[in-house]
Amino acid sequence: AQSVTQLDSHVSVSEGTPVLLRCNYSSSYSPSLFWYVQHPNKGLQLLLKYTSAATLVKGINGFEAEFKKSETSFHLTKPSAHMSDAAEYFCVVSIPQTGANNLFFGTGTRLTVIP
Amino acid sequence: DTEVTQTPKHLVMGMTNKKSLKCEQHMGHRAMYWYKQKAKKPPELMFVYSYEKLSINESVPSRFSPECPNSSLLNLHLHALQPEDSALYLCASSQAGFGNTIYFGEGSWLTVV
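So the sequence lines, in the order shown, correspond to chains Z and S. Residue 1018 is where the first sequence starts when you use this note's numbering, and the numbers rise one by one after that. Residue 181 is where the second sequence starts when you use this note's numbering, and the numbers rise one by one after that.
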């Protein structure tokens, strides 16, 4: 069975301080894992993707995530938060469907950045 | 270009209306998806098309009818909707096969009155 648990529904940080958004997964398959971001009233934008090539994955806008198989975690980090980072973040596991994929979403973490 | 284009951005319809949501991509992707997202919830899969054939229908009511006329276009026909169907409808596409990135459009906001 596949599942994704985002451990915090809401994270609040001050501008310029580090960001940590936590995600744990379970998957019957060797997982493909993603982080997507959704700004208010917008669609979903891919931040980064893990596909077993490297455990530390770098994404857009200074975000990165580390895949830790022993901990079944895929936490998202950024060294210094910017006001534009305020958004909803989804940790996602991809599961195979007939000829395609299905994305199994975590419940999301809302990031607030305080000036 | 990693763009999925959805029209209209906003749609208000009555419960007896018939309307359609449209989605287009020119990335050569052969898998296309419809997701539904309620406020403050993650997206939920509705339909998957693979090589223009419907491969997944996640027990969606028949008042939602998908159509994939060609490899670049995906429609969602709406008829006799209920107010609880009001949501953001997201179209997405990917290369066929496991593990490929799914690219999302900006969505169509649907309000049923």
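Worth flagging that the hints you see were computed from the coordinates, not collected in a lab. Honestly, I wouldn't trust all of these hints.
Claimed, not checked - Straight-line distance between alpha carbons at most 25 Å, and here's what the computed DSS-like set of lysine-lysine pairs gives:
(1) LYS1059(Z) x LYS218(S)
(2) LYS198(S) x LYS218(S)
(3) LYS233(S) x LYS220(S)
(4) LYS221(S) x LYS1066(Z)
(5) LYS220(S) x LYS202(S)
(6) LYS1059(Z) x LYS233(S)
(7) LYS199(S) x LYS218(S)
(8) LYS198(S) x LYS233(S)
(9) LYS1075(Z) x LYS1086(Z)
(10) LYS199(S) x LYS1066(Z)
(11) LYS233(S) x LYS202(S)
(12) LYS1085(Z) x LYS202(S)
(13) LYS218(S) x LYS189(S)
(14) LYS233(S) x LYS199(S)
(15) LYS1066(Z) x LYS198(S)
(16) LYS220(S) x LYS189(S)
(17) LYS1086(Z) x LYS220(S)
(18) LYS221(S) x LYS1059(Z)
(19) LYS221(S) x LYS233(S)
(20) LYS1059(Z) x LYS1085(Z)
Stated by the list, open to error - Where chain S lies over chain Z, by a calculated footprint (3+ residues, C-beta under 8 Å):
(21) 1031 to 1040
(22) 1063 to 1071
(23) 1104 to 1113
Stated by the list, open to error - Partner residues aside, some chain S positions facing chain Z, computed with beta carbon under 7 Å:
(24) MET226
(25) VAL228
(26) PHE244
(27) SER245
(28) PRO246
(29) PRO263
(30) ILE282
(31) PHE284
(32) GLU286
(33) THR291
Ideal Cβ placement from N, Cα and C applies to all residues, glycine included.
Structure-based check of all given hints:
Proximity of LYS1059(Z) to LYS218(S) is assessed by CA-CA distance (about 13 Å); at most 25 Å being required, the pair is judged to hold. Of the pairs offered as hints, the one joining LYS198(S) and LYS218(S) holds, with about 21 Å between alpha carbons and a cut-off of 25 Å not exceeded. Of the pairs offered as hints, the one joining LYS233(S) and LYS220(S) is violated, with about 31 Å between alpha carbons and a cut-off of 25 Å exceeded. At roughly 21 Å between alpha-carbon atoms, LYS221(S) and LYS1066(Z) fall within 25 Å of each other, so this suggested pair holds.
A distance of roughly 24 Å separates the Cα atoms of LYS220(S) and LYS202(S); the hinted pair therefore holds under the 25 Å criterion. Only pairs whose Cα atoms come within 25 Å are accepted, and LYS1059(Z) paired with LYS233(S) is rejected, the gap being roughly 28 Å. About 19 Å separates the Cα atoms of LYS199(S) and LYS218(S), which keeps this hinted pair within 25 Å; it holds. At roughly 23 Å between alpha-carbon atoms, LYS198(S) and LYS233(S) fall within 25 Å of each other, so this suggested pair holds.
Distance hint between LYS1075(Z) and LYS1086(Z) is fulfilled; the C-alpha atoms sit about 17 Å from each other, no more than 25 Å. For the proposed pair LYS199(S) and LYS1066(Z), the alpha carbon gap of about 35 Å is over 25 Å, so the pair is violated. For the proposed pair LYS233(S) and LYS202(S), the alpha carbon gap of about 17 Å is at most 25 Å, so the pair holds. Between the alpha carbons of LYS1085(Z) and LYS202(S) the distance comes to roughly 40 Å, so the proposed pair goes past 25 Å and is violated.
Of the supplied pair hints, the one linking LYS218(S) and LYS189(S) holds, its CA atoms being roughly 16 Å apart against a limit of 25 Å. About 22 Å separates the Cα atoms of LYS233(S) and LYS199(S), which keeps this hinted pair within 25 Å; it holds. For a cut-off of 25 Å, the pair hint linking LYS1066(Z) to LYS198(S) is broken: about 38 Å separates their Cα positions. At roughly 19 Å between alpha-carbon atoms, LYS220(S) and LYS189(S) fall within 25 Å of each other, so this suggested pair holds.
Of the pairs offered as hints, the one joining LYS1086(Z) and LYS220(S) is violated, with about 29 Å between alpha carbons and a cut-off of 25 Å exceeded. With a CA separation close to 14 Å, the supplied pair LYS221(S) and LYS1059(Z) stays within the 25 Å bound. About 28 Å separates the Cα atoms of LYS221(S) and LYS233(S), which puts this hinted pair outside 25 Å; it is violated. Between LYS1059(Z) and LYS1085(Z), the direct Cα distance comes to roughly 30 Å. Violation of the 25 Å bound is thereby established for this hinted pair.
Only residues whose C-beta sits within less than 8 Å of a C-beta in chain S count toward coverage, and the region 1031 to 1040 of chain Z has 0 of them, not enough to reach three; the restraint is violated. A count of 3 residues in the region 1063 to 1071 of chain Z with a Cβ less than 8 Å from any Cβ of chain S is obtained; the coverage claim is therefore met, three being the minimum. Evaluation of the coverage hint for the region 1104 to 1113 of chain Z: fulfilled, as 3 residues show C-beta separations to chain S shorter than 8 Å, against a requirement of three. Interface hint at MET226(S): violated, since its Cβ lies 11 Å from the closest Cβ of chain Z, which is beyond the 7 Å cut-off.
Given hint, VAL228(S) at the interface with chain Z, holds; its Cβ is 5 Å from that chain's nearest Cβ, closer than 7 Å. Because the beta carbon of PHE244(S) sits about 17 Å from the nearest beta carbon in chain Z, more than 7 Å, this interface hint is broken. Interface hint at SER245(S): violated, since its Cβ lies 19 Å from the closest Cβ of chain Z, which is beyond the 7 Å cut-off. Below 7 Å, beta-carbon pairs count as interface contacts, and PRO246(S) has none with chain Z, the closest being about 14 Å; its hint is therefore violated.
A hinted interface residue such as PRO263(S) counts as satisfied when its beta carbon comes closer than 7 Å to some beta carbon of chain Z; here the least separation is about 20 Å, so the hint is violated. Evaluation of the ILE282(S) hint against chain Z yields a held restraint, the C-beta minimum of about 6 Å falling below 7 Å. Interface hint status for PHE284(S): upheld, as the beta-carbon distance to the closest one in chain Z is roughly 4 Å, under 7 Å. Annotation: GLU286(S) was flagged as interfacial toward chain Z, and the flag holds, the nearest CB pair being 4 Å apart, inside 7 Å.
Against a cut-off of 7 Å between C-beta atoms, the interface hint on THR291(S) is violated, since the closest Cβ of chain Z lies about 13 Å away.
Checked against the numbered hints given earlier, the structure breaks hints 3, 6, 10, 12, 15, 17, 19, 20, 21, 24, 26, 27, 28, 29, 33 and satisfies all the rest.
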